[in-house]
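2 protein chains.
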Amino acid sequence: MSEDNKNLEFKRHTLAHLLAAAVLVDYPHANLTLGPAIDNGFYYDIDFSAGDTPGDDDLKKIQKHMKKMLGQWTSFEHEEVSADQAKEIFKDNPFKLELIEEITEKGEAITLYTAGAGTKAEFTDLCRGGHSDNPAEEIAADAFKLDKIAGAYWRGDEKNPMITRIYGLAFDTKEELEAYEKQREEARARDHRKLGKELGLFTFSDTVGKGLPLYTPKGSTIRRELERFIVDEEIKRGYLHVYTPDIAKLDLYEKSGHYPHYKDSMYAPIDVDDEKFMLRPMTCPHHFELYSSEPHSYKELPMRIGELAKLYRYEQSGELTGLIRVRSFCLADAHIICANEEQAISEVGEALDLIEYVASVFGLEMGKDYHYRLSLGDRNDSEKYYKNDEAWDKGEALLRELLQNRDCEFVEAEGEGAFYGPKVDVQMVNVNGKEDTAFTVQYDFCMPDRFDLTYIDSDGQEKRALVVHRSSIGAIERIMGFLIERFGGNFPLWLSPTQVAVIAVADAHKEYAAKVYEELKAVGIRTEYDDSKDSMGKKIRNAKKNKLPYFVVIGDKEVAEKTVTVESRDGESKEMTLNSFANHLLTEIDNKDIK
Amino acid sequence: MSEDNKNLEFKRHTLAHLLAAAVLVDYPHANLTLGPAIDNGFYYDIDFSAGDTPGDDDLKKIQKHMKKMLGQWTSFEHEEVSADQAKEIFKDNPFKLELIEEITEKGEAITLYTAGAGTKAEFTDLCRGGHSDNPAEEIAADAFKLDKIAGAYWRGDEKNPMITRIYGLAFDTKEELEAYEKQREEARARDHRKLGKELGLFTFSDTVGKGLPLYTPKGSTIRRELERFIVDEEIKRGYLHVYTPDIAKLDLYEKSGHYPHYKDSMYAPIDVDDEKFMLRPMTCPHHFELYSSEPHSYKELPMRIGELAKLYRYEQSGELTGLIRVRSFCLADAHIICANEEQAISEVGEALDLIEYVASVFGLEMGKDYHYRLSLGDRNDSEKYYKNDEAWDKGEALLRELLQNRDCEFVEAEGEGAFYGPKVDVQMVNVNGKEDTAFTVQYDFCMPDRFDLTYIDSDGQEKRALVVHRSSIGAIERIMGFLIERFGGNFPLWLSPTQVAVIAVADAHKEYAAKVYEELKAVGIRTEYDDSKDSMGKKIRNAKKNKLPYFVVIGDKEVAEKTVTVESRDGESKEMTLNSFANHLLTEIDNKDIK
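Residue numbers (my numbering), protein chains in the order written: chain A, 1 to 595; chain B, 1001 to 1595.
Isolated chain A (complex conformation) (with noise of 0.2 Å):
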């Protein structure tokens, strides 16, 4: 930890004293428990039952209290003090208690820390050290402030008793705090699961279930212009698409040997008559299933079967978020079948052309919102990677020349391929600015043994094939849930579900909007026609609350001129023919656009 990482940590350590000698003015029947420096801030978990316990409103005239008090810290002083010292001291504090006989039995010495000694605001805590010297003067009373109450089980044990969880936010300067605060701000605007709400996207059910959304017409419309687009475009690049079953036989799993690997992340089995079905939990067996179904030439290879696929992975319930993390989900999936190391290389370059298109179509850029990892096994773990040397050292090393042969961003990451060989991970910063493996491309030399998977060389020679496993988009729900936050539900035309609205000024202006109307849905504008009886300001906050890239506002003029003025939602404002205006959108859609 760097000196100054280890000075805020201590400020924030000191500001949780002071958090609690504050709680003491007003709440003297508290009993303290524990109160460490996190991420961000502090907190301090108190006990509160002998009495009131302070709500959100109570936090202003607490902080209140710790900023009086700050002055006149001054000094941040400790003494060890022998077990009965320390007993007698918090003798009416059984959570104090427990802990003084914790370190009493690991053989610890016992230390109470006094700040601001000989003054009013004098508060002795128990505790292991890690505190600014002279509070009062380095830290900045303007760079922290009390964030908010939550409930806490006494240890983080749900068996123990419930206290209350005091927590603050705390920096070095008043302006890292407001861009702190300004960040989680905007990060809580864009959560997926909030604008999904608000905009009417998706929805779950108790009684459905768990993990699995249902989506609204709205949100129907982006899941199917992003399931056609990602069809088309691989189509255009050469896949096969294929539909195989969501359920299929035990038998399948255990000869692709996913079972007793993945046993835990799938479903209980379904009896049917004698036999066991499964929900799957991947593609592959199917694809391969399909491919054996007849032999093939070399000439036929690379086959890149690809597929919509849904799939369903057993997620506890509390790990379960929005679109994010689900029960079953469509991943956009492909095996490319190939003749040989060479062309299974060149297939993956081929796929990361693909995610690297994909991703600029989004709007993301390499290097900033994502960058690859290259993921690698561990030859002296054959539990979890299927034993062959050579094969592995091979697959390694062509994908390593690969990407450092590619205008891209990579790092490697010891024992984290995949069962069946080396992969490179996409790795995806979300809105939080946290890093994930958004999908993969693997290199697999294992499953062609399983499955037998051959082809007829040029030789007449029937030969192994190498399988090169691909998304080229990830889960069509996590591909959601992302471009919601990154678009903070400002989707650009093409995936809006609502692309234009018409609203009349007035009555004797209904004829044309309807008619502007019905001519926009006539070329395929996913257009809507606010004739309800509400003001033209409250349809135009409407529209504005929606976020639709446009709606176009109609009057005296544009009747008479039949012109339609368009406004975007960024602010610009024009005028123009309906035929121009409709060409403009359609322009703007078949490019993907993004504003």
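Bear in mind the hints are in silico, worked out from the structure with no lab data behind them. C-beta: ideal position from N, C-alpha, C; glycine also. Worth double-checking, as some hints may not be accurate.
Derived DSS-like pairs: lysine-lysine, alpha-carbon spacing no greater than 27 Å straight-line [as the list claims (entries may be wrong)]: (1) B/Lys1276 - A/Lys263; (2) A/Lys299 - B/Lys1218; (3) A/Lys218 - A/Lys194; (4) A/Lys521 - B/Lys1299; (5) B/Lys1592 - A/Lys236; (6) A/Lys533 - B/Lys1463; (7) A/Lys547 - B/Lys1299; (8) B/Lys1299 - A/Lys218; (9) B/Lys1197 - A/Lys255; (10) A/Lys236 - B/Lys1521; (11) B/Lys1236 - A/Lys510; (12) B/Lys1299 - A/Lys510; (13) B/Lys1299 - A/Lys538; (14) A/Lys174 - A/Lys61; (15) B/Lys1533 - A/Lys299; (16) A/Lys544 - B/Lys1236; (17) A/Lys538 - A/Lys574; (18) A/Lys521 - B/Lys1592; (19) A/Lys263 - B/Lys1210; (20) A/Lys299 - B/Lys1510; (21) A/Lys218 - B/Lys1463; (22) B/Lys1197 - A/Lys299; (23) B/Lys1255 - A/Lys197; (24) A/Lys299 - B/Lys1547; (25) B/Lys1236 - A/Lys592; (26) A/Lys236 - B/Lys1547; (27) B/Lys1521 - B/Lys1218; (28) A/Lys197 - B/Lys1299; (29) B/Lys1236 - A/Lys521; (30) B/Lys1394 - B/Lys1384; (31) A/Lys197 - B/Lys1463; (32) A/Lys515 - A/Lys539.
Stretch-level coverage of chain A by chain B, calculated; a stretch enters the list once three of its residues show a Cβ under 8 Å from a Cβ in chain B [stated by the list, open to error]: (33) 229 to 242; (34) 249 to 257.
With chain A's structure known, arrange chain B on it following the hints.
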């Protein structure tokens, strides 16, 4: 039964006796059992376990005996005998003894029938009667033939021994026999399972499971075109297409009331944590949950919620038939939430408009290829039907009135309604001439109660909605199977997996041929360029075998004149510029022409 039909049945029954008599000539060890008349002919079940069993190759020989003996069968006489007499006659035949026992138990008379009495061809059998009086005169020797040999359990019970069944075809005239055989031949050639294999459209895998088709790239193209066609057409007609989960908690189907009613068609539950999840057998409750996720105004109704919904219904493995009877299928489903009866009936009418439009796109004619059936409830059966006599009366009357006022053919069927209301079934005739319910439009006053489906009316009051359940195209699997048979693999251009093949006459023409291929592909035509070393003749035969709508042959003339010579599947040939060919194709695709 008409006199004619009865005569034909007597002839067929007589021929079963004749078959038995002829079998005994070469197989005197055979134990005869039972031999009835059936649709299209007759059969006789015979136990050959005491010696040789005839195979298909022996049918000709047996048939020859039949024809020879027929001339001597100028009479068919019967006499009643006692059980003891009968048992003595059939003392070596355990099957006949079992029959005699049964007849005796029922207190019926035991009769023996003798044909050709006093001739070399005399033959006596235990029988209840129903024969031609003078077979030699009445039965045309060229109007029947033996058809095939199959195994059959004695009395159809799989616990009994397997015996041999010999089938024969029989009609009044040679012409009728030939017409039947020709029609059967054509139906077999068009069987979607056979064509699906020949054209490489779909396959099954024992490891994946029975009744779960895997679509090849070619079959997937047809499916994707069908799916996009119906989704786009529905959206044009104001449907709101959605995506809802394919699994849901058991609670949902208990809430809908489907669970006890529908249990036998559903797969066993999947335990997830403490909950039970089901593969969904229908979409309705999913759409109702989506509708109920927020309040709705009367202005939003009728709300047409559509989905390409994957459904799972249990079928016994013996019932599974290609794409027609499967265990998982994708239904073009919709639920239209309506404000009142009038709106619901109007929506049923619009659903029928859509169905008739879609049928016309496939070249299906009302009255010839399909008709409607008004399926009614039964006021006395409150177990099978939701109890609400008034709503049934009103719904049935409104549907009847609607159908009477349309230009359509319909019949009525008592006791065929859904449990929640009356419905209009779309009855379709398949390639074998059999009629089946393809899909339905249902009028539902029950589910809205169970799911508390409401809307806020113009008077501000919350009111109960009505629902129309409907499909437009049925299950994608089923319509695909149907269309494969309907078109005999000669799909209209828009559905053809490959639309055009480009064939160069010689190496000198390859450069221009490749250009033609690239340009057709660039405008979105599914084009193949056959640059294999095969002869031109073989390439053309391949294109024809795969039933490609068009292929173009590129030779000296085409290269010199920058044209293409277009050969169509139906034998037409025409030279034209590449541009005009491409435009011709795009127009034919856009119009969804059937040629």
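If you check each hint against the structure, which ones fail? none
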